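Asker: Each chain, written out:
4 protein chains.
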Amino acid sequence: MPSKYTTIHYHSYLDLDKVLDAQHPRSLEKATGKPAHDELLFIITHQAYELWFKQIIHELESVHAIFKQDNVKEKDIGNATHRIQRVTEILKLLIQQIHVLETMTPLDFLDFRDYLFPASGFQSYQFRVVETLLGLKNDKRITYNSSHYASVFPETQQTHLLELEQQGSLVERISSWLERTPFIQYSDFEFFTHYNKAVKMMLEKEQTAIQESPYLNEKEKEMRLMMLGNSSTYFASVLSPDSHAQLKKEGKIRFSYQATVGALLINLYRDEPILRMPFMLLNSLMDVDEHLTTWRYRHAQMVLRMLGRKIGTGGSSGYDYLAETAIKHPIFTDLYTISTMLIPRSQLPPLPKDVEDALGFFYK
Amino acid sequence: MPSKYTTIHYHSYLDLDKVLDAQHPRSLEKATGKPAHDELLFIITHQAYELWFKQIIHELESVHAIFKQDNVKEKDIGNATHRIQRVTEILKLLIQQIHVLETMTPLDFLDFRDYLFPASGFQSYQFRVVETLLGLKNDKRITYNSSHYASVFPETQQTHLLELEQQGSLVERISSWLERTPFIQYSDFEFFTHYNKAVKMMLEKEQTAIQESPYLNEKEKEMRLMMLGNSSTYFASVLSPDSHAQLKKEGKIRFSYQATVGALLINLYRDEPILRMPFMLLNSLMDVDEHLTTWRYRHAQMVLRMLGRKIGTGGSSGYDYLAETAIKHPIFTDLYTISTMLIPRSQLPPLPKDVEDALGFFYK
Amino acid sequence: MPSKYTTIHYHSYLDLDKVLDAQHPRSLEKATGKPAHDELLFIITHQAYELWFKQIIHELESVHAIFKQDNVKEKDIGNATHRIQRVTEILKLLIQQIHVLETMTPLDFLDFRDYLFPASGFQSYQFRVVETLLGLKNDKRITYNSSHYASVFPETQQTHLLELEQQGSLVERISSWLERTPFIQYSDFEFFTHYNKAVKMMLEKEQTAIQESPYLNEKEKEMRLMMLGNSSTYFASVLSPDSHAQLKKEGKIRFSYQATVGALLINLYRDEPILRMPFMLLNSLMDVDEHLTTWRYRHAQMVLRMLGRKIGTGGSSGYDYLAETAIKHPIFTDLYTISTMLIPRSQLPPLPKDVEDALGFFYK
Amino acid sequence: MPSKYTTIHYHSYLDLDKVLDAQHPRSLEKATGKPAHDELLFIITHQAYELWFKQIIHELESVHAIFKQDNVKEKDIGNATHRIQRVTEILKLLIQQIHVLETMTPLDFLDFRDYLFPASGFQSYQFRVVETLLGLKNDKRITYNSSHYASVFPETQQTHLLELEQQGSLVERISSWLERTPFIQYSDFEFFTHYNKAVKMMLEKEQTAIQESPYLNEKEKEMRLMMLGNSSTYFASVLSPDSHAQLKKEGKIRFSYQATVGALLINLYRDEPILRMPFMLLNSLMDVDEHLTTWRYRHAQMVLRMLGRKIGTGGSSGYDYLAETAIKHPIFTDLYTISTMLIPRSQLPPLPKDVEDALGFFYK
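Protein chains in written order, with our numbering: chain A, 183 to 546; chain B, 183 to 546; chain C, 183 to 546; chain D, 183 to 546.
Worth flagging that the hints you see were computed from the coordinates, not collected in a lab.
Since this is a predicted model, take the numbers as computed values, not measurements.
Quick reminder that beta carbons are idealized off the backbone N, C-alpha and C, glycines included.
Accuracy of the hints is not assured; some may be wrong.
Said to hold, decoys possible - Cβ pair distances, simulated, as ranges:
#1 B:510 with A:536: 32 to 42 Å
#2 C:386 with A:336: 32 to 42 Å
#3 A:370 with C:250: 13 to 23 Å
#4 B:510 with C:354: 18 to 28 Å
#5 C:399 with D:428: 19 to 29 Å
#6 C:389 with A:191: 20 to 30 Å
#7 A:331 with B:536: 53 to 63 Å
#8 D:206 with A:210: 23 to 33 Å
#9 B:378 with A:217: 37 to 47 Å
#10 B:333 with C:347: 52 to 62 Å
#11 D:210 with C:405: 54 to 64 Å
#12 A:210 with C:405: 28 to 38 Å
#13 A:217 with C:206: 48 to 58 Å
Unchecked claim - No farther apart than 27 Å at their CA atoms in a straight line, the calculated lysine-lysine pairs in the BS3-like style are these:
#14 A:236 with D:535
#15 C:216 with B:255
#16 A:382 with B:216
#17 B:257 with B:236
#18 A:200 with A:236
#19 D:535 with B:250
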């Protein structure tokens with residue numbers, strides 16, 4: 183039995199025999215080939231990506247485990263947030279890695295590019311797992327070559343990806359958790375009615391102020407009122423369960439109505455002690471989203487620089503495809519919607535005393 | 183007369199009386215207003231942006247001065263490159279500043295957002311100067327509210343922007359400089375014929391190799407040959423002055439034919455001593471472009487996060503507009519095109535000895 | 183009366199008339215001087231530093247205001263933490279700025295360095311305010327030229343720095359707040375006895391395990407036991423109020439005994455919901471410390487690179503002085519000490535049920 | 183025979199079977215152990231370090247190969263510089279990785295720290311190779327536990343490190359290359375006499391200007407003259423081959439006298455076309471040094487945070503040792519010395535016409 187006091191060496195602990203023996207530049211193998219100095223950089227960069235993807239999956243799985251509990255424990259929210267923040271720190275690293283890879287010039291890449299065909303980053307299984315765990319929906323994926331994104335994987339991996347999709351993504355788990363946000367209704371207090379009224383009052387006040395302002399000329403007033411009208415329409419649609427249901431049906435929204443209300447409450451009252459951590463959790467999810475799309479965008483830029491409009495080794499059209507994923511593949515879009523629904527704190531009537539008390543915590 | 187030995191103090195040297203007395207949060211001024219803690223962050227971040235824009239303009243103007251000479255001196259190329267690289271370092275800082283501004287939450291922003299109307303980042307004059315000096319073309323600009331981007335400025339500034347546009351951007355100055363690339367023709371050597379032949383041979387060799395490969399199945403061969411066909415068409419169009427003229431007319435290309443050939447030569451033979459610095463210069467311009475568009479993209483993300491789909495204080499539709507500029511406002515697109523035209527070094531016939539000698543430098 | 187709807191322009195809102203008219207390169211003013219291209223970079227970099235220092239002071243003052251209350255409200259801890267985290271984000275930017283300034287080569291600096299004498303970064307008043315607000319102790323400061331660091335400032339500023347010192351730094355305010363950590367004693371539960379026992383048991387268990395291990399040779403056992411002995415002595419000293427008092431008297435420790443115990447409790451039980459935010463607060467203070475010293479270190483490196491061993495314009499010995507401040511000027515050293523006192527979670531006996539309940543929060 | 187057209191898959195190309203099967207958290211293996219969530223992060227971070235070390239070694243070896251040629255080709259200088267710059271980009275990534283590892287809190291580390299004993303980062307063989315290739319001298323190494331740094335490695339690795347040391351580091355190769363700097367003597371022109379005279383004139387002019395300045399009071403004059411005296415002494419010592427020989431003997435300098443003169447010439451006349459690339463090379467070496475020591479410094483900070491004053495798993499005293507290496511282990515100190523020797527361009531007499539011509543390059 184190995185023991186805590188078994189002697190262990192850095193080299194064996196990290197299994198460096200394997201890790202450092204896994205670089206096989208194809209430009210070196212070829213009888214006909216010429217050694218291409220930069221192929222090692224290409225290999226090592228991608229291996230580092232895969233190592234970090236493994237870590238990201240480890241973190242996301244543990245966050246899934248937390249949120250699939252029926253009753254998510256308060257003490258787990260801090261841990262979950264911390265782990266999601268770690269994913270963001272890792273993504274920052276992955277974005278920085280692009281700078282390293284960009285030290286390879288297009289001409290250097292051509293020295294070994296032919297050997298890679300038809301291998302492609304599209305064949306990164308772990309990256310697909312990351313996307314699926316987070317909640318990139320299959321029907322939102324931009325396809326290339328009109329084939330299913332998973333078709334490049336062996337069958338067991340295809341099956342596993344399918345299972346992951348079916349067991350529910352982080353988007354859905356967070357939605358379920360948000361539905362149970364306390365204080366949406368608390369004794370006599372109904373948050374949504376409260377909010378609804380505030381919105382209405384705010385819009386009316388604005389309208390009067392604009393119309394009576396001696397500082398605006400007619401054209402400015404008109405434009406202001408038009409903008410206000412848009413906001414008004416927007417709020418009306420957001421506050422209505424029916425229009426929410428419609429948007430959900432169209433796939434434009436993924437959170438349930440109740441979850442959206444929960445997220446709104448958390449954002450508006452995030453200063454109350456028991457809502458602070460949930461607020462940070464939601465924030466950390468947007469951070470992940472933002473950095474993942476930034477990585478996609480930087481990746482697209484790099485491909486443009488490296489290949490111009492050449493076709494990628496995987497047969498994709500390269501830049502166009504990747505740039506499109508940067509714009510169209512954000513995942514936690516429902517959280518961005520919350521920003522549109524926020525109203526200034528000064529417009530919010532104060533919470534009833536008993537609700538405020540219940541949202542704090544006290545000792546002694 | 184002030185002298186080198188006049189005593190000077192840090193505070194007066196930096197004119198901190200002015201710099202540190204220029205923050206006037208509007209949320210503090212209002213009789214009716216409530217102090218908004220984060221307004222200072224908003225002001226200082228934007229002032230820092232403007233300080234750095236001033237520095238970028240200083241660098242770009244000095245680069246313009248270098249390239250508007252009839253005979254750009256070799257010793258100036260190093261300086262120009264260094265200054266363009268500095269612009270990239272500054273842009274990295276500006277991208278990083280977005281992280282700082284994002285510590286302001288949407289709710290905190292709402293505390294003072296109303297006071298800003300209708301001020302807007304669109305009113306940054308210096309940013310427009312930067313774009314114009316680099317070479318963003320007016321007719322490429324995405325408009326919002328269907329008004330000219332310069333209409334928000336006082337007349338003298340509008341005039342100055344117009345003058346800047348007319349006196350030629352960096353894109354055009356670089357194009358002129360590239361046209362004079364030596365060795366496009368040198369004694370008996372004609373670079374373009376040389377390159378042309380290499381492309382043709384490469385394409386033929388590839389075709390045979392694919393057709394005869396025992397490793398590819400029919401479908402794979404077909405796809406490979408199709409890709410090759412595309413490349414072939416592409417090269418044909420690139421190599422033809424007529425099709426180049428057509429693309430230039432359509433505004434898809436900005437470099438002259440001769441400049442494109444010059445840039446291609448520099449990229450293919452960048453290892454020759456006298457071409458190294460020109461190569462680094464071209465590279466540094468792509469770096470600026472890449473970081474400027476990244477900044478646009480991150481800016482768009484931040485706006486989405488802050489406002490959701492709300493309309494910006496300047497009346498723009500915010501996210502959509504900004505994201506579009508990130509995709510559509512790159513400037514040195516002609517340089518990306520060069521990547522598409524590159525062929526592997528191994529396919530290039532060696533340079534004639536006299537040309538190679540002339541491209542080196544020798545002493546004693 | 184200005185109104186919310188007064189029209190405001192980006193340019194006037196940011197008072198750019200002042201901000202952009204505050205750059206006066208001395209190399210341009212001189213009759214005898216020669217324009218030095220890089221002096222503008224030098225000025226703007228330092229102005230940007232001062233802008234950000236102003237922001238840091240704004241944040242630190244608001245954090246001071248929170249912690250000088252007799253009863254710090256729970257809902258303020260989240261805000262305080264958020265603002266301290268923002269200070270770290272700003273410090274990251276300041277570290278990045280050094281990269282920009284380093285694009286100025288030593289030779290370029292010499293073009294205008296003489297004009298700066300005897301101005302010096304030592305004359306940054308705002309930086310001294312930042313240090314004082316955080317809690318750099320005057321008697322810990324490394325002096326240069328054997329004069330008081332504040333002697334370079336006008337009298338009113340000297341007085342203000344003195345007042346700031348006397349009214350108590352963040353170190354002291356945090357110490358006071360930590361003293362009131364709940365649950366150090368709660369009904370029958372005495373945290374410190376609890377911890378004390380766990381330490382003792384852990385040390386005994388380790389000793390036996392080492393002595394009986396079949397995997398270690400005699401030399402390894404000896405070394406292990408020696409390390410354990412050190413730990414044992416260390417813990418004994420830490421757990422004793424007397425030795426703590428002694429270290430405090432010697433200036434090696436700044437937190438009170440009770441505050442140290444509070445910080446320890448927060449670290450060990452940070453997963454309990456009501457301790458999560460306090461834990462994050464302590465963590466954020468270490469982040470500030472870490473980035474501030476990194477900035478000092480990078481600053482020292484830059485000076486070495488720029489000047490070699492030349493003497494700075496302020497008369498200091500440059501690199502040596504600055505490198506020493508990087509090593510010797512950390513501020514929240516008491517928090518690093520906590521790491522030394524931590525023991526593995528597995529060694530901690532579980533909390534009594536009533537204590538654990540009290541550390542959570544619950545709603546319907 | 184494998185061919186360029188053999189089908190290859192991303193997964194096998196990157197040998198992910200090995201790379202992703204090399205993580206063996208010891209906290210999972212133990213019968214008695216408890217799974218520690220963060221051990222995977224610890225493993226993966228260090229594996230990523232080792233991957234990048236492999237890449238750094240690849241780059242450094244290729245740079246060595248370039249500089250061990252008797253006649254370093256001009257066209258290789260560009261490549262060498264590019265590869266050294268790449269090393270800096272990788273080091274930036276390694277510094278950033280520390281942020282990721284710091285998301286592990288001290289308490290989380292304690293969950294598995296015991297299992298690691300006595301493995302330690304001191305056992306990273308590749309890191310020692312990097313240090314040795316660059317030129318960290320063995321007798322400059324700070325020892326811990328009074329044993330030779332290589333004693334933790336198997337014999338073949340010890341032998342290889344010894345061989346690397348003996349075959350000459352980059353410091354020595356660069357020194358040899360600098361000795362051959364052209365134009366140190368060129369026809370009638372002797373650079374060093376030229377420089378010597380300029381220094382002398384500059385010092386005299388300064389002295390008169392100070393003594394006659396109506397702007398300085400007596401105390402200021404005195405201080406200025408004292409500083410000037412120091413500079414004067416310094417220059418005298420630098421300009422003398424004897425004192426150089428003495429400093430070299432004492433190990434304070436590593437470049438030969440001739441190499442120092444070469445580096446000085448390159449720095450002062452870097453704008454001349456053929457000296458630009460050599461200047462960039464020297465600069466890139468300082469960048470590597472700066473980032474490597476920053477990494478050491480950040481590493482020290484992280485250890486302090488994680489362990490406080492606890493003793494490291496390898497038996498070292500942790501923070502103190504590591505912080506000392508950050509201050510004392512820079513490698514290209516000779517290049518920093520050059521900064522001290524620089525004089526303002528305005529003090530340099532113009533180059534003779536024939537020398538300036540020879541330093542440029544011209545075509546048609």
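Asker: Tell me, in ascending order, the numbers of any earlier hints that this structure violates.
Answerer: 1, 2, 3, 4, 5, 9, 11, 12, 14
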